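Chemist: In order, the protein sequence lines correspond to chains A and B.
Residues in the first sequence are numbered consecutively from 1, following this note's numbering.
Residues in the second sequence are numbered consecutively from 113, following this note's numbering.
No lab work stands behind these hints: they were computed from the structure.
No experiment lies behind these values; they were computed from the predicted model shown.
Careful, some of the hints might be misleading.
Label pairs and their in silico Cβ distance ranges [as the list claims (entries may be wrong)]:
(1) B:Ser181 to A:Ser61: 31 to 39 Å
(2) B:Glu127 to A:Thr15: 43 to 51 Å
(3) A:Gly14 to B:Lys179: 43 to 51 Å
(4) B:Arg172 to A:Gly40: 24 to 32 Å
Note that the Cβ used here is the ideal one computed from N, Cα and C, for glycine as well.
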Amino acid sequence: EADIYQTPRYLVIGTGKKITLECSQTMGHDKMYWYQQDPGMELHLIHYSYGVNSTEKGDLSSESTVSRIRTEHFPLTLESARPSHTSQYLCASSLREKGKLFFGSGTQLSVL
Amino acid sequence: QKEVEQDPGPLSVPEGAIVSLNCTYSNSAFQYFMWYRQYSRKGPELLMYTYSSGNKEDGRFTAQVDKSSKYISLFIRDSQPSDSATYLCAMLPSSGGYNKLIFGAGTRLAVHP
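Excised from the complex, chain B in its bound form (with noise of 0.2 Å):
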């Protein structure tokens, strides 16, 4: 079983909609959570980053955790064409090395104009 469970979509969704993209994770010593944001034949590139529980809000995004429910999520308020892309979930437990970041499979988001 993977640590970290991301539905791969894609995820259609018309320009203007509310978009909610999760993942679960399985170990409970995760404190680190983050999402990435890659466009097509690039890298990634850090969107979200929180520590522990709780909202953290940047512009459009939202990012949730709920560490009871083993249960973090991004949601983009008015979606833009130009927030197509693939979406990963990354997570970090708080000790052990800056090596252990496990990455969620990803999924991939298509806002339709």
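Just chain A, with the same shape it has in the complex (with noise of 0.2 Å):
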């Protein structure tokens, strides 16, 4: 089983307020990579990051930052939430092979 972990699994939040959303891998992975899946749709990236002090916007355009300042540790941050950020967040991590992702069990987010 894949050791990626992310906190919290569901969170309810009122509009305005900064909220982080955490992520950590413990298999020594370079690449990591933030998903936003809404139901029935495809997932989107909105960041990803090949290794520490390196992250890259994807192609789904995000409000969000993330910042990578130890190789274990992704987080994503919302410096001001909105109903519009209402989804399920999904971190996951990669090594050498393309495609070959491990992702967390995600974090609910649901903004008032």
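Can you join these two chains into the complex? Each is in its own frame, and there are hints to help.
Modeler: If you want it as structure tokens, here you go:
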């Protein structure tokens, strides 16, 4: 079983609050990703990192930001949450083989 | 038009049935083809991984890639209730970065006893 952890699993929060979604992996993977998933829709990449101090935006525009100060840790931050941010956020990591991703269990975010 | 098309289902089958799940794609540059399984309230997990064309078998699961038709399939033999999940196809071109992975929207499968 993959060792990638996301907290919290569920988060209900009011508009305007700052939130940080945590993601950690213990596999030593250099590549990490954040995907957004809405019911019945494709996973969309919002951020990725190929290593420490390397972060890039994905194809789906997002108001969130990420950081990669340590290999194992890839947190996602929303400075001011809005109802349009309500979604499931999935963190993943990979090593060398393209497309072989290990996913966390996700954070279901609801912004009221 | 989406690069990857996948019938959302739901697909409901009796236990023991053979299940066929499919995806079509438009980008002929795709070379890596994956099937992920996602249980409710969980993240996807990699089920099958193939490079270029051909078949790959792993237990009750067989993945097929037909690049001439731009069509991939996942077959599940002797389906079990524990196979009930959403199945996502995913694909990637050989060139370009790891961030070029494209997912289908997923097919929901329900296997009833």
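Chemist: None of the hints should be skipped; say for each whether it holds.
Modeler: Quick rundown of the hints versus the structure:
no., hint, in the structure
1, B:Ser181 to A:Ser61: 31 to 39 Å, "holds, 33 Å"
2, B:Glu127 to A:Thr15: 43 to 51 Å, "holds, 46 Å"
3, A:Gly14 to B:Lys179: 43 to 51 Å, "holds, 50 Å"
4, B:Arg172 to A:Gly40: 24 to 32 Å, "holds, 26 Å"
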